[in-house]
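Enquirer: Protein sequence lines correspond, in order, to chains A and B. Going by the working numbering, the first residue of the first sequence is number 1, and it counts up by one from there. Going by the working numbering, the first residue of the second sequence is number 1, and it counts up by one from there.
Everything labelled a hint here was simulated from the structure, so no lab data went into it. Backbone N, C-alpha and C define an ideal beta-carbon position, used for all residues, glycine too. Some clues are possibly wrong.
Which bits of chain B does chain A cover? Going by a derived footprint, with three or more residues having C-beta under 8 Å, they are [as the list claims (entries may be wrong)]:
| hint | segment |
| --- | --- |
| 1 | 61-74 |
| 2 | 94-105 |
No more than 16 Å apart at the CA atoms, straight line, and that leaves these computed lysine to aspartate or glutamate pairs for EDC-like [said to hold, decoys possible]:
| hint | chain 1 | residue 1 | chain 2 | residue 2 |
| --- | --- | --- | --- | --- |
| 3 | B | K137 | A | D59 |
| 4 | B | K55 | A | E199 |
| 5 | B | K137 | B | E100 |
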Amino acid sequence: MIVAERKNVPELIDIIKEHKNILVLGCGTCVTVCLAGGEREVSIISSALRIASKVRGLDLKVEELTIERQCDNIFIEQAADAINRNDAVLSLGCGAGVQAIAERYANKPVYAGLNTKFLGILEEHGIWTEKCAACGACVLHEYGGICPVTRCAKHLLNGPCGGSREDRCEVRPDRACAWQLIYQRLKNIGQLERLKKIELPKDWNASLSGGPRVIIREDHRI
Amino acid sequence: MNLKEFEPKIVAFCCHYCAYAAADLAGSMRLQYPANIRIIRTPCTGRLEIEYFLKALENGADGVIVAGCEEGSCHFKEGNLAARRRVNYTGELLAESGLEKERVRMVNVSAANARRLVDAINEMVENVRRLGPNPLKEKTPMKQEICP
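Same shape as in the complex, but just chain A (with noise of 0.2 Å):
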């Protein structure tokens, strides 16, 4: 799922305090799931703002409304006439969300209220981690299914670098070392001779570098 972050609040109140009407749309399935953009965590951000605005002498009015997906024209019409009455949406959803919002309301100024951090999964309570850089080109198969890309501070192809202590990431030694992860987890499906591969540079067009990317099903398209 996609992973975010809720910004501060003097920085939300710098962002929307030329408005005096302003609404804060939750988005319910990513940042629902990672605590950061749904009905609650609108609720919780528009009482701070509400306090934050009154404490600064801002006349700020707050609507909160919480859509299924931001990401999809069938839910963000539902909010069309919270949208309108309106002078501005602060939107919780992640950056495909704020910019759905935005295309769809031409005049109205939508400005996005989290950081949207990454693809990632939630490891336990309160902590989620990256997975996947979104790169366009899969190579988990080749790595028992570990990702280098992402997990390897380096994106090593052809790790390990050798800076490694113990099992843990020199660039960041709270973090474990991808690629001995990588080494235990082919070691246990038996499939140890794929490092023996050397893997050749990886065509980085498919990932963002190569420009924003579009997929286009003509199968599916009306």
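Take the given structure of chain A and dock chain B to it, following the hints.
Expert: Frame of chain A, contents of chain B only:
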């Protein structure tokens, strides 16, 4: 507002299994605690959400005290530990928003320790009196159902 006249209104979320019983015991023991406190009984402090503390302050309470079981003694095992984390987070959020984080506080009290609850309440009332009235109150009339 003259600070001498300022009587803070404090919402106290009290766990049914400890602090609420301690408040009851305080009555039986004739231990006095200030009338600034408005007690709300909760099944466990772990049931309390950050929104509740924020809403209380947003609607004009001068402070919020959360009284749960002593650590290790929660009736639901870890509800009081969850409550403490939420109270801490609320404090950080208040500080970001421009309110003093001391306006929300967590205490741990056993059902048998009425004295400790009374002391915690007295301390909270004095702390909030020092902080002064909730600045939001002057700009928004208090909601009657929360702080009559």
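Enquirer: Would you mind marking each hint as holding or not holding in the structure?
Expert: Each hint, compared with the structure:
As drawn, the segment 61-74 of chain B meets chain A at 0 residues by the rule of a beta-carbon pair under 8 Å; below three, the given contact is violated. Residue count for the segment 94-105 of chain B with a Cβ under 8 Å from a Cβ of chain A: 5. That meets the three needed, and the coverage hint holds. Note on B/K137 and A/D59: the hinted pairing holds, with a Cα-Cα distance of about 14 Å set against a maximum of 16 Å. For the proposed pair B/K55 and A/E199, the alpha carbon gap of about 57 Å is over 16 Å, so the pair is violated.
At most 16 Å may separate the alpha-carbon atoms for a hinted pair to count; B/K137 and B/E100 meet this at roughly 14 Å.
Of the hints listed earlier, those the structure fails to meet are numbers 1 and 4, in rising order.
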